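Peer 1: Please take these sequences and the hints and turn them into a complete structure.
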Amino acid sequence: AQSVTQLGSHVSVSEGALVLLRCNYSSSVPPYLFWYVQYPNQGLQLLLKYTSAATLVKGINGFEAEFKKSETSFHLTKPSAHMSDAAEYFCAVSTSYNNNDMRFGAGTRLTVKP
Amino acid sequence: KAGVTQTPRYLIKTRGQQVTLSCSPISGHRSVSWYQQTPGQGLQFLFEYFSETQRNKGNFPGRFSGRQFSNSRSEMNVSTLELGDSALYLCASSSTGVEEGNTIYFGEGSWLTVV
Numbered sequence: 147a148q149s150v151t152q153l154g155s156h157v158s159v160s161e162g163a164l165v166l167l168r169c170n171y172s173s174s175v176p177p178y179l180f181w182y183v184q185y186p187n188q189g190l191q192l193l194l195k196y197t198s199a200a201t202l203v204k205g206i207n208g209f210e211a212e213f214k215k216s217e218t219s220f221h222l223t224k225p226s227a228h229m230s231d232a233a234e235y236f237c238a239v240s241t242s243y244n245n246n247d248m249r250f251g252a253g254t255r256l257t258v259k260p
Numbered sequence: 132k133a134g135v136t137q138t139p140r141y142l143i144k145t146r147g148q149q150v151t152l153s154c155s156p157i158s159g160h161r162s163v164s165w166y167q168q169t170p171g172q173g174l175q176f177l178f179e180y181f182s183e184t185q186r187n188k189g190n191f192p193g194r195f196s197g198r199q200f201s202n203s204r205s206e207m208n209v210s211t212l213e214l215g216d217s218a219l220y221l222c223a224s225s226s227t228g229v230e231e232g233n234t235i236y237f238g239e240g241s242w243l244t245v246v
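Line by line, the protein sequences give chains U and W. So the mapping is simple: the working numbering equals the position in the first sequence, first residue as 1, plus 146. So the mapping is simple: the working numbering equals the position in the second sequence, first residue as 1, plus 131.
Everything labelled a hint here was simulated from the structure, so no lab data went into it. Treat the hints with care, since some could be wrong.
Said to hold, decoys possible - For each label pair, taking beta carbons as the anchor points, the in silico distance ranges come out as: (1) U:THR201 with W:THR169: 30 to 36 Å; (2) W:TYR141 with U:SER158: 28 to 34 Å; (3) W:SER201 with U:ALA163: 47 to 53 Å; (4) U:LEU202 with W:THR184: 35 to 41 Å; (5) W:ARG161 with U:THR201: 28 to 34 Å; (6) W:GLU183 with U:THR201: 34 to 40 Å; (7) W:ASN202 with U:SER172: 36 to 42 Å.
As the structure is a computational prediction, the values presented were derived from the model and not from experiment. Ideal Cβ placement from N, Cα and C applies to all residues, glycine included.
Peer 2: So, in structure tokens, the structure goes:
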């Protein structure tokens, strides 16, 4: 079965600094990979997804992620953090064509300091 | 177009009671999935329905059940509530399910507290 591991339950950066949230996956077949963001008291919003079209995926709000098969990683980055980026971020993996079997990581809470 | 709508947003139930949560998917979406989110276990997949049929199921006891109606709206039911069922229940919908890397859209969730 597929799974993801998010390294670091809490990440703190200063405003304007690089954001790096780590995600490693485990899958016996080529995976589909996703990053979602959750703001307090809200549902999950899709940031970006990898579906084998391109290894570098650009998402909303300036985020991007790179699929590295050799490292089984799909880390999320943003060059310059903004206060509004403070939220919880979830990495997810699916191996089915229609993604009806998504498995989520434990989440990483991002804090942005002024 | 309107997003995924979940009702009620907040509810409090007593141990032993049952609860029904409702989800209206995005118009045109035929797949509805349910997830449970707790601080201890994170996001866990409950089940997925497509065209009124349960297509996939997570590892939850039989007290958790669901159904989907012909208009794609879905309900999930939890019977004989336990304190550990206190959680945010998230519904997600996606389209026909034939698109590669099918995007799943989440509702804002229903907060269930069991006392």
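Peer 1: Just tell me: holds or violated, for the beta carbon distance of SER201 (chain W) and ALA163 (chain U) against 47 to 53 Å?
Peer 2: Given about 51 Å between the Cβ atoms, the range holds.
Peer 1: Do the beta carbons of THR201 (chain U) and THR169 (chain W) sit within 30 to 36 Å of each other?
Peer 2: This hint holds: roughly 34 Å between Cβ atoms.
Peer 1: Starting from the hint 28 to 34 Å, judge whether the C-beta atoms of TYR141 (chain W) and SER158 (chain U) obey it.
Peer 2: Between TYR141 (chain W) and SER158 (chain U), where Cβ atoms are some 30 Å apart, the hint holds.
Peer 1: Take a look at whether the Cβ-Cβ distance between ASN202 (chain W) and SER172 (chain U) falls inside 36 to 42 Å.
Peer 2: Given range 36 to 42 Å: holds, Cβ gap about 38 Å.
Peer 1: Looking only at beta-carbon atoms, does the pair GLU183 (chain W), THR201 (chain U) fall within the given range of 34 to 40 Å?
Peer 2: Taking Cβ atoms as reference, GLU183 (chain W) and THR201 (chain U) lie about 38 Å apart, which means the hint holds.
Peer 1: Please check whether LEU202 (chain U) and THR184 (chain W) have a Cβ separation lying inside 35 to 41 Å.
Peer 2: holds, 37 Å
Peer 1: So the hint says 28 to 34 Å: do the beta-carbon atoms of ARG161 (chain W) and THR201 (chain U) match that?
Peer 2: holds, 31 Å
Checked against the numbered hints above, the structure breaks none of them.
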